[in-house]
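Top line first, the protein sequences correspond to chains A and B.
The first sequence begins at 57 in my numbering and counts up one residue at a time.
The second sequence begins at 1022 in my numbering and counts up one residue at a time.
If you're looking for bench data, these hints aren't it; they were derived computationally from the structure.
Note that beta-carbon positions come from the ideal geometry of N, C-alpha and C, so glycine has one too.
Among these hints, one or two may not hold up.
[Claimed, not checked] According to the in silico footprint, chain B covers these stretches of chain A (three or more CB under 8 Å from chain B): (1) 131-140; (2) 169-177; (3) 205-219; (4) 229-242; (5) 246-252; (6) 309-318.
Below are the chains, spelled out letter by letter.
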Amino acid sequence: MLSMGAMAGLSMGSISCTRDAVEEFLQKHFREMTEEEKKQVIRRLEAKYLKKYGKEFHISTQPADTGVLWGYGLDLSRCIGCRRCVYACVKENNQSRINPQLQWIRVIRLKKGSLINLENAEHYYNPETVPEPGFMYMPVQCQQCENPPCVRVCPVKATWTERDGIVVVDYDWCIGCRYCVAACPYKGRVFNWAEPNIPSAELNTGVHYLGNRPRMKNVVEKCTFCIQRVRQGRYPACVEICPTGTRKFGNLLDPNSEIRYLIENKRVFRLKEDFNTEPKFYYFFSA
Amino acid sequence: MEAWRLFKKSVNMVLFGTRGYYLWCAFLLTIIGVALTFYIDQLDAGLIVTNMRDQVSWGLYIGNFTYLVGVAAAAVLLVIPAYIYHFDPIKEIVVLGELLAASAIIMALMFVFADLGRPDRFWHMIPFIGTLSFPKSLLAWDVIVLNGYFVLNTLVPIYILVKSYFGKEPNKNFVIPLVLLSIPWAVGIHTVTAFLYNGLAARPFWNASILAPRFLASAFCSGPAMAIIIFQILRKTAGMKIKNEALFKISELIAYSMFINLFLLGAELFKEYYTGTIHLAPLEYLYQGLHGHNSLVPWIWSAMFMNITAFVIFLIPKTRENLITLNIGSLFIIVGVWIEKGLGLIVPGFIPDPLGEIYEYMPNITEIFVSLGIWAFGLLIFTFFMRIAIPIQRGDFIRSKYAKATARPQYERIKP
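Excised from the complex, chain B in its bound form (with noise of 0.2 Å):
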């Protein structure tokens, strides 16, 4: 009865709010609805209105899916100082961190699913009732661990703010377990995603074992970027609690992942361009151009100012600590890592082919709006669980005040 009420108020909770809430989610679902006229477009007439052809047979779907599985893989980096070494200001955001996780997972998955040709044929990856190929096709790994970090990510916090919501704490047994699981699993997550390119012997920019690592790092910058600019915003509109102590904390874990992604690239940008074989084709298409095509160029200097520049702002404590120069940073890194691991990392894999033809990609109308559509409607689902978790965890959303329900709910009567 209890867990009805929990459930009837926290759709409440999502139904009702101010005229600004009303308004961001009629904007998001203005973008949904636009983009799914182009998605239904898409699935009517084919792929064929993507800009992508058979030279290069993957781009922006596939390059928001790799950084969003990356956004998702660093809620590990806000779960291992808070739940091992107990750092008390980063403890009461791993919560919603998780959430973004889990948010994210949404997101890489629905981007895979827009990239797919037959969406409605989507049953035979189904273990058990498909054909999955688990061991061999690491396409069929990652349907695994996406689906299963999601769960975990989901169960975890859900978890916690249903025992806050009645007043408990939560079974330490049953967390603690879950959560170590957690960490290796987001390693794990963002390995499998770098080894889908880097098992392609067909494509030297991909079948570098520096791929995997390089994931790694820059997912431990771009996830928590964007964790210091929501929790930032978060405050502001729902009042949470977060103090910029644990913002300045995490932006100094970013300048040091950002100095390992930085160091990862020049190892790369060494061993290519100092032996100078064929395989150097698709770097130098994407740094400098090959023969006349250079449209990915401007692109890639804009990332390497943006995260180079946000390198620096981290590693000065001065800079650091201003929120100022630290929401610059987190913005530039957001974009910069976006760009080289978006487009900057799928294209020219691609280019040149391996007949050594060069078709230059940049992304359509219908392909921008259909992720445009994606990323609103995962910060919608977002919105939603924050709309529910942060009043549990700020202490306003409990079992003894559900007797006063009011239409409202009450956390937006108090003034931060």
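Here chain A stands alone, though its shape is the one from the complex (with noise of 0.2 Å):
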């Protein structure tokens, strides 16, 4: 088997005999690079970003600042249920558009009553307008858990929590086996099951090495929180879009952030909390 690894690995090399398809092939995984190695590939993935979508990029590296714990909040009260943060997710974070269509973010219909048992949540509601009478909203993506189980089942090491509480994703090194999409109790993860589809005047050129740069076939992805964002100081633009106020965002560790008094003051719960996952993603209702 390992020589049937190598052998696939060679012919691919062959196929397109080119320096950088080497470089790419024997690239190391991201937490093993030093930094000038970093730039070296920054270098060569602008570069093929370029000819393949014809826009420059400027992929970030930017590591998470000490003192920082990222921590959501989402008033299940205010939610309409309208997925703008869907469609604000997929054009922030360039997800392919169709075939396959990537969403980080699901938002489930629930009827009143209920709320633990899924298994009658509606994926797929298509009203004239939201609100409906009689129906709850739940929006769920990755919960950034401080005991992922997706992290502890991959075979590679390609995921991983960053120290500001962010789980990504090495696309590079990921070797698409989909453990982590059979571990994930929230459906955080999605896998590119063909090469990304987004046409070029959509795409998003300021990216994050971890985040939202364009992603290959066959590798997982998930929600970053917006790392190139949160990382400069901007809202994740789930948070931005919404036109309800129902998503909140900060810092765990800064006493006096929006997400420390909602916590403190409302009744917050988190999802799937028996799974022991421990998420930085904190449901409440607010009224």
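Hints in hand, dock the two standalone chains.
Structure, rendered in structure tokens:
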């Protein structure tokens, strides 16, 4: 089996036997690269994206700040199920648009009276107007667990928790086994079943290496709290777009942050708390 | 020099044979060829050419993988009585059982490979070169134990065969410890494979502690059942010496294993149905259908019918010791356990998904052909193994005879 892997690698190298292809094949794990190696990889990737999409990308590798641990709040009494967050996320994070269509946020519709048992959740509701009487809406995305089952199961350490609490993926290290997809209790991970399909005009060119840079086929991806934004002091795209103020975001280590205020003053809960995954994503009811 | 002759002679044995042999190999090679075109297509377009999606992210490939790990583990069932209790009729087929295990491991690893999205990055999993996440990831454990088991199960038979070729008795001080090691190792590979699923709290269908024992019980049915069929075929085509007595002994062991398998299934069904919590949903999907989705229901009930029928056949000495009913029972077990442990195990783990969505999965033409190709490749490897191993075991292919080497292997002229 080992030799088969090497052969597959070599034959792929020989199909497009350029230096870039060889470098790409031999590229190291992101966390094992030196600063100089990171710069080289960024240069190669930016050139590759320019050639592929005809656009100049700026790829950041900005590390986490100390004293920061990101937390998210979601007010279930305010959510109207409009899914603006879903599409703002797709646009911001360069997800594949069609074949396959990938989304990191899923808004499910629940009949009032049921919250924990998601078996009757509706995923593809499509009314003329929202909200509808008798229903509530629950957006679910990666919960950025402190104890993430997806990270535990990855056989090659291609996914890990950053110091600011964001669970990230090195898309160039993922082997596409999808064990993390099976392990996540929140459906927080999606897979690029084919080469991502994004119209060039809609590309977001301000990207982070561990976040929204264009992906390739057969690797996994997930919500990163918009790592490219939050590390520059901006809100995630879903927080910014939400028309009802459902979504809150802040630093859990800052006692004066909005998220800390919510945790201390509202009755918050976390999804599937009984799994001991310790999400940093807090649901609450303001009314 | 002698080793070189052994090698050359072995290659000859694989390359030249009767018309039936050529037809068989051509048949397998055709399937492999077709499968290869489908696989290249999958590499090119991505896994989107399969029916797997985010909701059901593993399918036929991983189902086959699980089943074949079981077949490989079951080699131990032939090893225990043969080596520990010196049960003679079984001893002569142990080498072949272990080669069957080795072939099954090759297939199992190929199925994982077919399922990998990025086979070009396979080297990320190689210890010391890549970043294998041992001991945290159960998949890392599986890579290690499966490769170790493969080495063990090829080393022992090859050693014994080479010794026989030179007309010598194998060194017991070398073989016995390895054989003793292979017994817990066989239990280990299947336990680790069960833990792969078992360790996922997000999937209540797999997160049941009965999973590993059930895996072992069903493996000890399907592996030996496969051996019973294969040994009879080899007896007819290659003139392999196997007494009926050995087959009957294996079938008796299958009866016990099947009893345990059915008992454990019953224990699980009771717990889930009597308590009736939300964790019942996957079982309900499998056995009754859930919210109108029921594509696995006819499959699992066929499996249930086949497993129970086979159990009865293997339990009654009269039907167990009749080659016709014995073969019907064996085929039922091979297919029944394949359904139970393939699609019947993998797919319901994903239905409903963690947010309650139901996506019904059935493999498509790409997955079916790639799978058939891997099975054909495994059979081809096993055929080659048998081509060399059987004449050595029969005593037709030994050192003293190499001088009279002809294009055709000696043993084919001997009419069984």
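Hints, one by one, checked against the model:
1. 131-140: violated (count 0)
2. 169-177: holds (count 5)
3. 205-219: It holds: at least three residues are needed, and the stretch 205-219 of chain A offers 8 whose Cβ sits within less than 8 Å of chain B.
4. 229-242: The restraint on the stretch 229-242 of chain A holds, since 13 of its residues have a Cβ under 8 Å from chain B and three suffice.
5. 246-252: Holds, because 6 residues of the stretch 246-252 of chain A bring their Cβ atoms closer than 8 Å to Cβ atoms of chain B.
6. 309-318: violated (count 0)
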